[in-house]
Amino acid sequence: MLAASEALRANDNATAVRWPKLAGSPVLDSLHPVIEHARDVHTHLERLQEIAGWMAYEELPMPDYALPLGAGEGKPDETIDFILTSDVVDTAFTDFSTHEKFQVDYAGRHWSDSDALFACMKRALDNGIPVLDGKFLARVTRPELERIFAGNIELPMLDQKMEVLHQVGGVLAETYEGRFHNFVKSCSPRLYDNGNGLIDRLVKEFPRFNDVSEYDGHTIRFYKLSQLGVWFVYSSLRKTGQFPLEDLNKMTAFADYMVPVTLRLLGITSYSPELEQAINTHQMVPRDSRREVEIRAHCIYATALLCEEINNIRPKDMQIVIPQIDARLWTHYHTTWWPHHLTKTIMY
Amino acid sequence: MNRSRRQVLKGVSTLGAIAAMGAEPLLAANPVKSPVSSGSLPWPKPIGSPVIESLRPVIEGSRDVKTHYDKIVDAARWMAYEELPMPHMAVPYGLDKNPDVAIDFIMVSNTINSAFTDFKTHIKFQTDYADARLSDSDAMVACLKRAMDNGIPILDGKFLAKVSRPEMEKLFAGNMEMPMLDEKMAVFHQAGEVLAAKYDGRYVNFVKSCPPRLYDNGNGLVDRLVKEFPRFNDVSQFDGHQVKFYKLAQLGYWGMYSGLGRTSGFKLEDPQKLSAFADYIVPVALRLMGMTSYSPALEKAINSYQMIPRDSRQEIEIRAHSLYATALLAEEVNRLRPADQQVIIPQIDARIWTHYHTTFWPHHLTKTIMY
Numbered sequence: 281m282l283a284a285s286e287a288l289r290a291n292d293n294a295t296a297v298r299w300p301k302l303a304g305s306p307v308l309d310s311l312h313p314v315i316e317h318a319r320d321v322h323t324h325l326e327r328l329q330e331i332a333g334w335m336a337y338e339e340l341p342m343p344d345y346a347l348p349l350g351a352g353e354g355k356p357d358e359t360i361d362f363i364l365t366s367d368v369v370d371t372a373f374t375d376f377s378t379h380e381k382f383q384v385d386y387a388g389r390h391w392s393d394s395d396a397l398f399a400c401m402k403r404a405l406d407n408g409i410p411v412l413d414g415k416f417l418a419r420v421t422r423p424e425l426e427r428i429f430a431g432n433i434e435l436p437m438l439d440q441k442m443e444v445l446h447q448v449g450g451v452l453a454e455t456y457e458g459r460f461h462n463f464v465k466s467c468s469p470r471l472y473d474n475g476n477g478l479i480d481r482l483v484k485e486f487p488r489f490n491d492v493s494e495y496d497g498h499t500i501r502f503y504k505l506s507q508l509g510v511w512f513v514y515s516s517l518r519k520t521g522q523f524p525l526e527d528l529n530k531m532t533a534f535a536d537y538m539v540p541v542t543l544r545l546l547g548i549t550s551y552s553p554e555l556e557q558a559i560n561t562h563q564m565v566p567r568d569s570r571r572e573v574e575i576r577a578h579c580i581y582a583t584a585l586l587c588e589e590i591n592n593i594r595p596k597d598m599q600i601v602i603p604q605i606d607a608r609l610w611t612h613y614h615t616t617w618w619p620h621h622l623t624k625t626i627m628y
Numbered sequence: 157m158n159r160s161r162r163q164v165l166k167g168v169s170t171l172g173a174i175a176a177m178g179a180e181p182l183l184a185a186n187p188v189k190s191p192v193s194s195g196s197l198p199w200p201k202p203i204g205s206p207v208i209e210s211l212r213p214v215i216e217g218s219r220d221v222k223t224h225y226d227k228i229v230d231a232a233r234w235m236a237y238e239e240l241p242m243p244h245m246a247v248p249y250g251l252d253k254n255p256d257v258a259i260d261f262i263m264v265s266n267t268i269n270s271a272f273t274d275f276k277t278h279i280k281f282q283t284d285y286a287d288a289r290l291s292d293s294d295a296m297v298a299c300l301k302r303a304m305d306n307g308i309p310i311l312d313g314k315f316l317a318k319v320s321r322p323e324m325e326k327l328f329a330g331n332m333e334m335p336m337l338d339e340k341m342a343v344f345h346q347a348g349e350v351l352a353a354k355y356d357g358r359y360v361n362f363v364k365s366c367p368p369r370l371y372d373n374g375n376g377l378v379d380r381l382v383k384e385f386p387r388f389n390d391v392s393q394f395d396g397h398q399v400k401f402y403k404l405a406q407l408g409y410w411g412m413y414s415g416l417g418r419t420s421g422f423k424l425e426d427p428q429k430l431s432a433f434a435d436y437i438v439p440v441a442l443r444l445m446g447m448t449s450y451s452p453a454l455e456k457a458i459n460s461y462q463m464i465p466r467d468s469r470q471e472i473e474i475r476a477h478s479l480y481a482t483a484l485l486a487e488e489v490n491r492l493r494p495a496d497q498q499v500i501i502p503q504i505d506a507r508i509w510t511h512y513h514t515t516f517w518p519h520h521l522t523k524t525i526m527y
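Just so you know, the sequences run in chain order A and B.
The first sequence begins at 281 in the working numbering and counts up by one.
The second sequence begins at 157 in the working numbering and counts up by one.
No lab work stands behind these hints, which were simulated from the structure alone.
A couple of the hints might just be wrong.
To be verified - Keeping only pairs whose Cα atoms sit at most 35 Å apart, straight-line, the calculated DSBU-like set for lysine-lysine is:
{"id": "1", "chain 1": "B", "residue 1": "Lys456", "chain 2": "A", "residue 2": "Lys596"}
{"id": "2", "chain 1": "A", "residue 1": "Lys519", "chain 2": "B", "residue 2": "Lys253"}
{"id": "3", "chain 1": "A", "residue 1": "Lys519", "chain 2": "B", "residue 2": "Lys301"}
{"id": "4", "chain 1": "A", "residue 1": "Lys301", "chain 2": "B", "residue 2": "Lys456"}
{"id": "5", "chain 1": "B", "residue 1": "Lys280", "chain 2": "B", "residue 2": "Lys326"}
{"id": "6", "chain 1": "B", "residue 1": "Lys523", "chain 2": "B", "residue 2": "Lys201"}
{"id": "7", "chain 1": "B", "residue 1": "Lys201", "chain 2": "B", "residue 2": "Lys222"}
{"id": "8", "chain 1": "B", "residue 1": "Lys280", "chain 2": "A", "residue 2": "Lys596"}
{"id": "9", "chain 1": "B", "residue 1": "Lys326", "chain 2": "B", "residue 2": "Lys253"}
{"id": "10", "chain 1": "A", "residue 1": "Lys519", "chain 2": "B", "residue 2": "Lys280"}
{"id": "11", "chain 1": "A", "residue 1": "Lys301", "chain 2": "B", "residue 2": "Lys227"}
{"id": "12", "chain 1": "A", "residue 1": "Lys624", "chain 2": "A", "residue 2": "Lys301"}
{"id": "13", "chain 1": "B", "residue 1": "Lys456", "chain 2": "B", "residue 2": "Lys201"}
{"id": "14", "chain 1": "A", "residue 1": "Lys355", "chain 2": "A", "residue 2": "Lys465"}
{"id": "15", "chain 1": "A", "residue 1": "Lys484", "chain 2": "A", "residue 2": "Lys624"}
{"id": "16", "chain 1": "A", "residue 1": "Lys596", "chain 2": "B", "residue 2": "Lys227"}
{"id": "17", "chain 1": "A", "residue 1": "Lys355", "chain 2": "A", "residue 2": "Lys381"}
{"id": "18", "chain 1": "A", "residue 1": "Lys596", "chain 2": "B", "residue 2": "Lys276"}
{"id": "19", "chain 1": "A", "residue 1": "Lys596", "chain 2": "B", "residue 2": "Lys523"}
{"id": "20", "chain 1": "B", "residue 1": "Lys280", "chain 2": "B", "residue 2": "Lys222"}
{"id": "21", "chain 1": "A", "residue 1": "Lys596", "chain 2": "B", "residue 2": "Lys222"}
{"id": "22", "chain 1": "B", "residue 1": "Lys318", "chain 2": "B", "residue 2": "Lys354"}
{"id": "23", "chain 1": "B", "residue 1": "Lys383", "chain 2": "B", "residue 2": "Lys201"}
{"id": "24", "chain 1": "A", "residue 1": "Lys519", "chain 2": "A", "residue 2": "Lys596"}
{"id": "25", "chain 1": "A", "residue 1": "Lys301", "chain 2": "A", "residue 2": "Lys465"}
{"id": "26", "chain 1": "B", "residue 1": "Lys383", "chain 2": "B", "residue 2": "Lys423"}
Next comes chain A alone, as it looks inside the complex:
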């Protein structure tokens, strides 16, 4: 099947697209139909190579992530629980009507967006609320969540977040003694492993992580939060050696709001005038729409190619994986005032 479609593409010179050599990522492998038929988003190979020509000489470090306020410090199991449980609701921090960001003051510091979520989780733990326990999460009530996430505004999409916590909590309670680290230990130390890898099983056993869209009858996989959660755990525990990951190179970029902005500003991607205008006038781009799928697919495709071009330039002992590029692109623009696409979803 795959071989046949590969051959077909090779014969069709008019629409031949360059494909990253990286194989074995079900996310990247699923993007072909979008990249080949996109109407509103394009990736520009020449520009991408030009950018790689200077970005390759930056340091592009492997990040070491540290949880805020010493959460999980020295306790790998708790680190895993903290990161993956937070990851379940790590989405939508800006009120869709007022455009106000969710913010919290805790432990003498001010936190906003995703950092505010982490601070809320730590605050709850400090107050003895078992927010890392599936048995608690499976039945957490709205008033309890309001208290856990008390901040400047109600946490956006709180009802949807309660729902996914119930769902995830139920699975954890039933199968994994309530804890994500038991789930992690039951998987093979790989992202993908014939259905037994960490990502394989996260998206199968927890529907909340099954971040896919349909496009022209094809299933397109993004797996944003599942990959991001595992990456966070990996970069938090990398130095301890407690979380080996044998196929780290199969991780793609995390298809979010910011990396597409970076790619667009760098000129690696471009948008149709209609899409450009829609984004710049803050119109909603509906979840699962062609445009949303194209923005996210090109984000993953372009970062994979950029990573490959950069590795072609760097010496053997300085090769990088895609999340290092993702981090480079994300950190430089996550506070930009250039508008990003707006989509109401719990998937990113």
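Once you've looked at the hints, dock chain B against the given chain A.
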């Protein structure tokens, strides 16, 4: 100082996010007007920097280095939307608790802030201090702090004026002899004598005797530093013109401004007159991004680690173009940013420097105490 500049990385991540929110998006992605032109040469709007004003003969008469204005405009179109924060440069070892000591420490270390790699072996100077192994200028700074801990009066001009070679060797004990140790001793002697004779031995007294401006009709902080302390008079001759770079002088004040500015321990009314700091790394970044290019001969000389002599045409062109191109880049970036998010050149310098100071791409090699 390299150490301070590296701290920039830490400040980049979180700050300034809130400030960005209220601004209307500037969606005009096309900078329309070109800068003030003289003939065909784009020239940045005057910012009152004698350094930048002195560059014209080099930019007009360059043979080996070219600046590509179209590439600068192109880079500005994405760089403008980065945060480009005003760095908070940490004064090393918490010395900012006493601003006077901090000023002395920054200036004394700045006096010898150059050449940390052995020119023959290419080994970097390293030392161990406070349970850490430090390299390059970090190691030099650690040596000075170690000396202070041991009661050696390294902030006192009277000591520096007469420091002996064996004392220098002890001060800078590390993995090898500090490169250019004799030259560093000579600048300590020279600066120490001036400090002892006129400023009761302390840089802070010199700083306080100046108006809080870099340039002020010959009386400003940079004006007087380069005049009274020849060690900071970083200038070169090019086709009969004097070209000013003032790398360490400007960098020292920038370090004080961004490290002490918030404690009001150091006032500076005209930071917008700072140029970039003409060093080894910023030219590499500009060259890699295509904003500058080199003649094949110069490219080959750099990439094969040949020495580029101090005050040679090639060295001057490399440094002059790095100041010229960053000034143009700052101007193009500001064209695209809202009024409350305008940047000054050192923010661009920091952005470029932090991304490439560890690069494996070769930089030019020059034996000098000026940078």
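Hint check results:
Of the supplied pair hints, the one linking B/Lys456 and A/Lys596 holds, its CA atoms being roughly 23 Å apart against a limit of 35 Å. Of the supplied pair hints, the one linking A/Lys519 and B/Lys253 holds, its CA atoms being roughly 34 Å apart against a limit of 35 Å. For the hint linking A/Lys519 to B/Lys301, the alpha-carbon distance of about 30 Å falls within 35 Å, and the restraint holds. For the hint linking A/Lys301 to B/Lys456, the alpha-carbon distance of about 33 Å falls within 35 Å, and the restraint holds.
Between B/Lys280 and B/Lys326 the alpha-carbon distance is near 18 Å, which keeps this suggested pair within the 35 Å criterion. Annotation: proposed proximity of B/Lys523 to B/Lys201 holds, straight-line Cα distance about 33 Å (limit 35 Å). For the given pair, B/Lys201 sits about 19 Å from B/Lys222 by alpha-carbon distance, which is consistent with the 35 Å threshold. About 23 Å separates the Cα atoms of B/Lys280 and A/Lys596, which keeps this hinted pair within 35 Å; it holds.
Distance restraint check for B/Lys326 and B/Lys253: the Cα-Cα separation of roughly 27 Å lies within the 35 Å cut-off, and the hinted pair is therefore satisfied. Proximity of A/Lys519 to B/Lys280 is assessed by CA-CA distance (about 26 Å); at most 35 Å being required, the pair is judged to hold. A threshold of 35 Å between alpha carbons decides the hint, and for A/Lys301 with B/Lys227 the separation of about 30 Å falls inside it, so the pair holds. For the hint linking A/Lys624 to A/Lys301, the alpha-carbon distance of about 33 Å falls within 35 Å, and the restraint holds.
For the given pair, B/Lys456 sits about 34 Å from B/Lys201 by alpha-carbon distance, which is consistent with the 35 Å threshold. Distance check on the hinted pair: A/Lys355 and A/Lys465 sit about 15 Å apart at the alpha-carbon level, within 35 Å; holds. A C-alpha spacing of about 23 Å is found between A/Lys484 and A/Lys624, which places the hinted pair at or below 35 Å, so the restraint holds. For the suggested pair A/Lys596 and B/Lys227, the alpha carbons sit about 30 Å apart, so the restraint of at most 35 Å is met.
At most 35 Å may separate the alpha-carbon atoms for a hinted pair to count; A/Lys355 and A/Lys381 meet this at roughly 31 Å. Under the criterion of a C-alpha separation no larger than 35 Å, the hint pairing A/Lys596 with B/Lys276 is consistent with the structure, at around 27 Å. For the proposed pair A/Lys596 and B/Lys523, the alpha carbon gap of about 31 Å is at most 35 Å, so the pair holds. Of the supplied pair hints, the one linking B/Lys280 and B/Lys222 holds, its CA atoms being roughly 31 Å apart against a limit of 35 Å.
Under the criterion of a C-alpha separation no larger than 35 Å, the hint pairing A/Lys596 with B/Lys222 is consistent with the structure, at around 32 Å. Proximity of B/Lys318 to B/Lys354 is assessed by CA-CA distance (about 16 Å); at most 35 Å being required, the pair is judged to hold. For the suggested pair B/Lys383 and B/Lys201, the alpha carbons sit about 27 Å apart, so the restraint of at most 35 Å is met. Pair hint A/Lys519 plus A/Lys596 holds up; C-alpha atoms about 21 Å apart against a cutoff of 35 Å.
For the proposed pair A/Lys301 and A/Lys465, the alpha carbon gap of about 31 Å is at most 35 Å, so the pair holds. About 21 Å separates the Cα atoms of B/Lys383 and B/Lys423, which keeps this hinted pair within 35 Å; it holds.
Checked against the numbered hints listed earlier, the structure breaks none of them; every hint is satisfied.
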